[in-house]
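A.B. asks: Listed below, chain by chain, are the residues.
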Amino acid sequence: MSERVLYPDEEQRRRIMDFIMAAGQTLLENGAEVFRVEQTMEIMARSFHLREFHVYILTNGIFASAGTAEISEVRNVPVRTTHLGRVAAVNELSRQIAAGGLTLDEAEAQLARAQRIPFPNDRVQLVAGLSGAFCFAMIFGGTLRAGLAAAVAGLAASSYLLLCERLNLPGGFRKITTASLITLVCLPLCHLLGTEASHAIIGTLMILTPGIAFTMGIRDFVQGDYLSGTIRMIDALLVAACIAIGTGFVLWCYSLLTGVNIA
Amino acid sequence: MSLLTNAVIGTLVAQFFLAAAGTLSFAILFACPRRLLPYCALVGGVGWLVYELAVLLGADSTTASLLAVIPLTLLTRVLAILLKAPVTVFLLTGIFPLVPGAGIYYTAYYFIQNNNALALSNGISTFKIAVVLATGIALVLGIPLPHRRR
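If you read the protein sequences in the order shown, they are chains Y and V. If you use our numbering, the first sequence corresponds to residues 1 to 263, in order. If you use our numbering, the second sequence corresponds to residues 1 to 150, in order.
It cannot be assumed that every hint is accurate.
So the derived label-pair ranges between C-beta atoms look like this [as the list claims (entries may be wrong)]:
1. L4(V) / L144(Y): 23 to 31 Å
2. T258(Y) / L139(V): 43 to 51 Å
3. G67(Y) / L12(V): 56 to 64 Å
4. K84(V) / D9(Y): 29 to 37 Å
Treat the hints as calculated values from the structure; they're not laboratory data. We put the beta carbon where it would ideally sit given N, CA and C, even for glycine.
Let the sequences and hints guide you as you build the complete structure.
C.D. replies: Below, the structure is given as structure tokens:
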């Protein structure tokens with residue numbers, strides 16, 4: 001039944017299609033590029049002898065049909081996180097499928113395993129946020145003291161983000177408040193340590209800034225995926241606006257309170 | 001070269017390790033597979049080192065970004081083939097120090113502060129850097145593999 005047949009029957013075609021859609025969704029949700037998801041899905045379809053497979057992918061959706069539109073499926077992919085471990089696992093799976101070593105049963109089991117790879121545990125994420133903020137504050141030309149302030153802010157920001165994740169707060173609110181929190185921690189700390197606050201603030205904000213989304217959006221344009229590129233760019237701009245609102249508000253309050261104008 | 005005094009080399013080495021550590025942190029946040037983590041850090045460090053060198057030799061930030069992204073992407077391709085992992089894993093993490101995160105932030109910040117001139121100039125330079133990075137990546141990923149192309 002699960003042997004790889006040259007002419008799969010209707011039941012099997014459906015299963016293959018579901019599998020390929022799930023694999024594509026896993027890739028797209030976890031940060032793979034549009035054209036790469038397309039490529040992987042086509043390779044899988046060819047390897048499982050699913051004929052007339054056509055797929056159209058956007059940053060937030062997958063549309064595919066197979067067998068002269070006998071099967072067609074649409075998947076909405078509204079949530080995007082970045083989990084490169086899952087991307088690498090599905091990539092490995094597609095490599096094995098293309099090499100011809102896997103039956104559909106095995107492939108389905110392996111995909112289910114790939115989807116369940118967990119994020120690193122909370123403590124590791126906190127330490128990563130701390131050291132990331134420290135390093136980027138230093139890279140942007142901050143002093144060691146600015147780096148330390150950024151590290152504290154990075155720790156605060158990543159614990160707050162973990163809390164938001166648990167409470168399932170909406171994305172825009174999350175970003176505005178995190179940016180405020182970062183500024184709120186950095187300003188007095190840098191004042192105490194007697195160093196400039198801007199490097200620390202920007203370094204810590206790297207946890208939020210959509211630099212990758214922006215660059216990858218332009219990469220989509222270069223690839224010819226204009227719609228996906230536009231979606232990503234608008235997303236990046238909205239995130240940037242959220243951050244600027246959060247930071248701007250705190251800076252405004254600070255200058256009202258102290259009479260010192262910053263930035 | 002008289003430009004490379006001991007102090008300068010010291011800064012460059014420090015910057016390399018800072019960028020590598022920063023990349024490593026974000027690779028962990030992005031849940032990279034553990035065996036690939038050190039290579040992600042290496043890619044990030046190399047990219048930033050080339051960028052700093054280019055700036056030192058008098059390039060502006062756009063040119064320096066282009067000069068840095070080419071060896072960076074080449075390295076990601078080599079690593080992807082050697083370690084049998086998708087290029088995305090190394091590229092997404094390794095490019096982190098080069099990506100214009102601060103530029104986007106400043107653009108939005110000045111925009112909201114109603115400082116239109118600064119918002120525009122920051123926006124344009126941010127856009128240039130992003131375009132240059134994307135072009136560099138596309139150029140290097142477009143080079144066909146010399147052997148066994150299916």
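A.B. asks: State for each hint whether it applies.
C.D. replies: Checked hints:
no. : hint                          : verdict
1   : L4(V) / L144(Y): 23 to 31 Å   : holds (24 Å)
2   : T258(Y) / L139(V): 43 to 51 Å : holds (49 Å)
3   : G67(Y) / L12(V): 56 to 64 Å   : holds (58 Å)
4   : K84(V) / D9(Y): 29 to 37 Å    : holds (34 Å)
Checked against the numbered hints given earlier, the structure satisfies every one of them.
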